[in-house]
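Put chains G and C on the given structure of chain W with help from the hints.
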Amino acid sequence: MAEPITLKMTVNGTDCVVTVHPFARLLDVLREDLRLTGTKEGCGEGECGACTVLMNGRVVNSCLVPVVQAQGAVVVTVEGLAQGERLSSVQDAFLTYNGAQCGFCTPGMLISATDLLNRCPNPTDGEIRDGLAGNLCRCTGYVKIVDAVRAVAADGGAAR
Amino acid sequence: MRGYLADCDIQSPPSLAEALALMAREPGVWTPMAGGTDLMVVYNAGRQRATRFLDLSRLAELQGIQEAPTSLSFGALTTYTDLRDCRAVHQHFPNLVKSARVTGALAIQNRGTLGGNIANASPAADTPPSLLAYGAELELISSRGLRRVAYDRFHQGYKRMDLAADELVARIIVPKPTGRGFHYFRKVGTRQAQAIAKVCLAAYARLEDGVVAELRIGLGSVAPTPVRARHAEALLLGKPLAALPVEAAREALLSDISPIDDIRATAHYRNVVTGNLLGQMLRELANR
Amino acid sequence: MIGASSIRKEGRAKVMGTACYTDDKFVPDALHGVTVRSQVPRGILKGIQFGAGIPWGEFTIVTAADIPGTNRVASVVHDQPFLVGIGEEITHPEQPVVLLAHPDRRLAEKARMAVTLEVEERPAILEIQASLDLEQVIYGTHNLLKEIRIQKGDPEAVWTRAAHVIEGEYRTGAQEQMYLETNAMVAVVEQEAAGLRVTVWGSLQCPYYVHGALKQLFGLPEGQVRVVAMEMGGAFGGKEDYPSVNAGHAALLAWKSGRPVKVVYDREEDLACTTKRHPSRTRLKTAFDAEGHLLAIEVDFVLDGGAYATMSPVVLSRGALHSASVYRCPHVKVHARAVATNTPPSGAFRGFGAPQSLFAMERHMDICARKLGLDAVDLRRKNFLRMGDTMATGQVIREDLDLGGLMDRALEEIDYHRKRTTFAAANDRESPIKRGVGLAVFMHGCGFTGGGESYLASVAGVEGLADGTVSVLAASTEMGQGKNTVFAQIVADALKLPFEMVETAEVDTDRVPNSGPTVASRSTMMVGRILEDAAIGFKQSLVQHGFLKEPYTADSFREAVAKAVATLGSVKCYGQYHRPPNITWNDATYQGDAYPTYSWACYAAEVAVDMDTYEVKVEDFVAVQEVGRVVNPTLAAGQIEGGVAQGVGWGLWEEVTIKNGRMINNQMTNYIIPTSADLPQIRVVFLENPHPAGPGGAKGLGELPMDGPAPALLNALENALGPLRLDEVPMTPDRLLGRCEEVVHG
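Chains as they are written, first to last, in this note's numbering: chain W, 88 to 247; chain G, -18 to 269; chain C, 29 to 774.
Take these hints with a grain of salt, some might be off.
Using C-beta positions, here's what the derived DEER-type ranges look like [stated by the list, open to error]:
(1) C:Glu155 <-> G:Leu218: 27 to 37 Å
(2) W:Gly213 <-> G:Arg6: 48 to 58 Å
(3) W:Gly213 <-> C:His606: 34 to 44 Å
(4) C:Glu149 <-> G:Arg141: 28 to 38 Å
(5) W:Gly100 <-> G:Glu48: 34 to 44 Å
(6) G:Arg141 <-> C:Arg753: 35 to 45 Å
(7) W:Gly171 <-> C:Asp132: 46 to 56 Å
When the alpha-carbon atoms are kept at most 20 Å apart in a straight line, the in silico EDC-like pairs for lysine to aspartate or glutamate are as follows [what the hints assert, rightly or not]:
(8) C:Lys361 <-> C:Glu197
(9) C:Lys645 <-> W:Glu214
(10) C:Lys645 <-> W:Asp212
(11) G:Lys157 <-> G:Asp66
(12) C:Lys577 <-> C:Asp495
(13) C:Lys74 <-> C:Glu116
(14) G:Lys157 <-> G:Asp63
(15) C:Lys600 <-> C:Glu528
(16) C:Lys410 <-> C:Glu319
(17) C:Lys687 <-> G:Asp242
(18) C:Lys53 <-> W:Glu119
(19) C:Lys53 <-> W:Glu214
(20) C:Lys645 <-> C:Glu746
(21) C:Lys687 <-> G:Asp243
(22) C:Lys243 <-> C:Asp94
(23) G:Lys220 <-> G:Glu195
(24) G:Lys157 <-> G:Asp143
(25) C:Lys361 <-> C:Asp294
(26) C:Lys361 <-> C:Asp328
(27) C:Lys53 <-> W:Glu166
(28) C:Lys687 <-> C:Glu163
(29) C:Lys174 <-> C:Glu184
(30) W:Lys95 <-> G:Asp(-10)
(31) C:Lys53 <-> C:Glu319
Chain C regions said to be covered by chain W (calculated; three or more residues, Cβ under 8 Å) [unchecked claim]:
(32) 459 to 468
(33) 503 to 512
(34) 556 to 563
(35) 738 to 750
(36) 763 to 770
If you're looking for bench data, these hints aren't it; they were derived computationally from the structure. All values derive from a computational prediction rather than experimental measurement. Just so you know, even glycine gets a beta-carbon here, dropped at the ideal spot from N, CA and C.
Bound-form chain W, shown alone (with noise of 0.2 Å):
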């Protein structure tokens, strides 16, 4: 019904142009037309956290959102965290401290752990744990992942 749209965004630090459905779920465009598979979906319902990525330099669940709303969006996925293969001082901690386990709510996680650490570098547990609380794991019973953070936080932040 609706006619397609040229969506540009900057993902990642890429300008992309996309030609999409106005109402097509940003998650999806990241994931089919972008390739970003990066980016999970666990629920479809704005719960899980899972397809969490940063738009215009704020959290938000990806599949709610319809991407005619990202037009000219600034969208940061898991696979715009690390430099290369330099990783992230995040996603390094991560790895050290085995806060991914299975790893499919880790994208989102990350995501959700570096917007925590840039707007609240020296986090307590408690503040790590409410910044973290949309997003869900079911594999670490999050103590892995509140280490990791803790760890980025005393080492001197997301942005090391």
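Chains G and C in isolation, oriented as in the chain W frame:
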């Protein structure tokens, strides 16, 4: 993902006037969408009957928090994160900050809006109890003009509102409490975060000489709409803190609410816990 | 190498977002498959209607009539059809009836809604008691999927002479695995000269289960089926048996369409249709002497298996074998039954029956302590199993077992005795917050039950690669537990090579042997031990064939392997499971060594209950366990922490709400798993007691942490609130309110 994309349309008008004009031309056809945090969930589940959406997210006229001497005016597109980040909100409406903090998690708070929370009309929404407690008013707009309604008269039944098919919630105006008031907010959800309310109680009280001079109690998840606890309020108004009729107020509260059994809680649990929250609120009030 | 916290092998791909899960696999020209389901719990399928408004000509449609081989899912019992045919019986409301595939996945979804089924409905059985009462006969002659009896001594002779006889009934609800990645499968079917060739790539725990199921479905020989395990986003048992079903569906659509087919469930479908933990009801009768020594235990253990057997016979077995928990008792009688109901089949979930029966016994011990006027700690200590004691099946404890020491460590960590005193004083005050501490002591049998490991006769191997490195060949899958890393550590340790020189091969049935299913806390202990043997054999054959001289360095080993591969083309060495000496099992009498060994644990929980809202907050949690030698402490702790989180969820929040046989809270919003804000920083302690049967002394640990949290939490709740009927999990706020009101209202 069960919604059928090809059946759907979404329009992004560049101005409020054009949005209202479209709604006036085809009243009831276009479902307004702000952050999409409710509508998209229903769409993804294949239960969204609406197929045409009106994207409001970029309308500047509906954005921003404006402070006046006696009130704060919130554009309908004010997000939960905006509420959490605004100093004036912290200062005057701590319950609204608490409501915003417990609505979904951060990714929802960044997208979900106050206007959407109201117009989605879920009885379990987290900001309406606080808005009721603060005596908020709504500014509704259509191409026919602007009108104001008291928020406590806006919800008329389950998902029924005093909102015409061509109207939008434009702004939410909340009068600043005068003097040092008492603020209470508690949501009992299915878990500590990322939860839907089973019971929510927000209250604002003003005291004069140890007597309850002003009191509003807003409740969520215990009736087809967010509701005021008018019977309980009436019993407590004018009473001295030293002798609050707690049991009578709890009894009266039961006539203010009409909870149901659903997959989150039983009606019985909601009755008991709403009463307990009222008791807790009154304990805190008496102890201050 | 064993004992080091080596970094997860696939961790880098996971944190970079490049790890490839099934739905991430790019499949050109794929069709998207969907499943039309029965929707009624019981009836006869009379017809299928394809509604208007759908271009049906563009669809591939598969019904039972199309199936080329056998329309039964290969499992313990071959009772479940892949699709219900017209004229056949529908036995649960999520039963697959029609498969549809189309290039547009959204249209496929829309088409699914346009198919209607004509069903002649029959009365259904929806819960345990109705099934036992034979209100309807829905399975076999007595609705029994499996029945087990275990007897030691004669409890009947004890009841009249015992000082105390205490009875109790306990219930546990269904639980959803809630792996973050839903079930997903990709299938390709090619017509080769040798006949059909079926390949699936999927999210699955047990490649050779799926392999067997596809062979039977298509009537194909061994070499014509290939199963590849993709990166897996969690499983917890939920991808043990179910993937045989959806792999079959994807393959049928691929076969009929001649195109690749992707079947990816959305969350609502996954929750509604796939297997869950068995609901249970346990009746216990225990006799004690005047000092509190256990004299007799009688267990009546019933599981709700749903409409088909799936894993119920073995889940029941494990539950029955753990039902006397960690206590010495001269007279034990266990009667265990798995009954059929018209609900989706229950299946495997971490713990596999043991959490249900252990919840009953560990909760019962606290209740007995109260009734005997003893401290729950003291009552347990009096009755713990020790070396030389005999369990219910006659299995003799041969290891130096110190459960008292294990429990003391947990008591000390959580500061049990001081908290009991201070909480008791504080709970008397007006505050609505009541605190308590509680514990549970338990065990988990390592590996398959009874003769299972001998029956499996698993094979695993080690292969040399052209670059001189070593690859692990096993069908055990990585689901987050750390198999890739731990296997590499075990092989590197056996070969005295650096960790980096060992990788695990892709789990592809064309390449790796059948090392058995990735279940039952068996991968590290059982498969690891086979790999240890294979690695030693690999090295010895390099030496025997003159490629390697001992002592060697990593570099000289690498050169030797590279040269051997260059010379021989391929260098592999396989090992196979051998039953350890002194292990015997009789499946007919249920006598003997039920498991080669057990892991042992004591978990302690501290809770705070808000009496205004009946919400329970877990303020502290200590998990102390003895799991033999710990191969990778960081990964092992991660397993314990995750298992505890699932156990806490099962104990307090996770409820599958069923209406007319269907799950109605089948959304993540309404099935409540814990968030980071709901859990404390779980504290894990390992006490190491190396066991000779495992590699480097390791035992199993993956399922153990699921067993203890629920009884520990409810014991803590009783400590906080006093005697209440805390006999069921999940103890949701609603249920707790009800239990409190029973006391008030008598």
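These are the hints, each one checked on the structure:
1. C:Glu155 <-> G:Leu218: 27 to 37 Å: violated, 50 Å
2. W:Gly213 <-> G:Arg6: 48 to 58 Å: At roughly 51 Å between Cβ atoms, Arg6 (chain G) and Gly213 (chain W) fall inside 48 to 58 Å, so the hint holds.
3. W:Gly213 <-> C:His606: 34 to 44 Å: violated, 52 Å
4. C:Glu149 <-> G:Arg141: 28 to 38 Å: Roughly 36 Å apart at Cβ, these two residues keep to the hinted range, so it holds.
5. W:Gly100 <-> G:Glu48: 34 to 44 Å: holds, 38 Å
6. G:Arg141 <-> C:Arg753: 35 to 45 Å: holds, 42 Å
7. W:Gly171 <-> C:Asp132: 46 to 56 Å: violated, 37 Å
8. C:Lys361 <-> C:Glu197: Holds, at about 16 Å.
9. C:Lys645 <-> W:Glu214: holds, 17 Å
10. C:Lys645 <-> W:Asp212: holds, 16 Å
11. G:Lys157 <-> G:Asp66: holds, 18 Å
12. C:Lys577 <-> C:Asp495: Holds. Lys577 (chain C) to Asp495 (chain C) sits at ~19 Å (cutoff 20 Å).
13. C:Lys74 <-> C:Glu116: holds, 8 Å
14. G:Lys157 <-> G:Asp63: holds, 18 Å
15. C:Lys600 <-> C:Glu528: holds, 19 Å
16. C:Lys410 <-> C:Glu319: Within the cut-off at roughly 9 Å; holds.
17. C:Lys687 <-> G:Asp242: holds, 14 Å
18. C:Lys53 <-> W:Glu119: It holds: about 11 Å lies between the C-alpha atoms, which stays within 20 Å.
19. C:Lys53 <-> W:Glu214: violated, 36 Å
20. C:Lys645 <-> C:Glu746: Distance ~14 Å between Lys645 (chain C) and Glu746 (chain C) Cα, so the pair holds.
21. C:Lys687 <-> G:Asp243: holds, 12 Å
22. C:Lys243 <-> C:Asp94: holds, 16 Å
23. G:Lys220 <-> G:Glu195: holds, 10 Å
24. G:Lys157 <-> G:Asp143: violated, 24 Å
25. C:Lys361 <-> C:Asp294: Roughly 44 Å between the alpha carbons, so the hint for Lys361 (chain C) and Asp294 (chain C) is violated.
26. C:Lys361 <-> C:Asp328: Distance ~9 Å between Lys361 (chain C) and Asp328 (chain C) Cα, so the pair holds.
27. C:Lys53 <-> W:Glu166: With a Cα-Cα distance of about 16 Å, the restraint between Lys53 (chain C) and Glu166 (chain W) holds, given a limit of 20 Å.
28. C:Lys687 <-> C:Glu163: This hinted pair holds, its Cα atoms lying about 18 Å apart.
29. C:Lys174 <-> C:Glu184: Distance of about 24 Å is beyond 20 Å: violated.
30. W:Lys95 <-> G:Asp(-10): holds, 19 Å
31. C:Lys53 <-> C:Glu319: violated, 64 Å
32. 459 to 468: violated (count 0)
33. 503 to 512: It holds: at least three residues are needed, and the segment 503 to 512 of chain C offers 4 whose Cβ sits within less than 8 Å of chain W.
34. 556 to 563: Per the Cβ count (0), the hint is violated.
35. 738 to 750: violated (count 0)
36. 763 to 770: Since three or more residues must qualify, the claim that chain W covers the segment 763 to 770 of chain C is violated, with 0 doing so at under 8 Å.
Figure legend: structure checked against the earlier numbered hints; hints not met, in rising order: 1, 3, 7, 19, 24, 25, 29, 31, 32, 34, 35 and 36.
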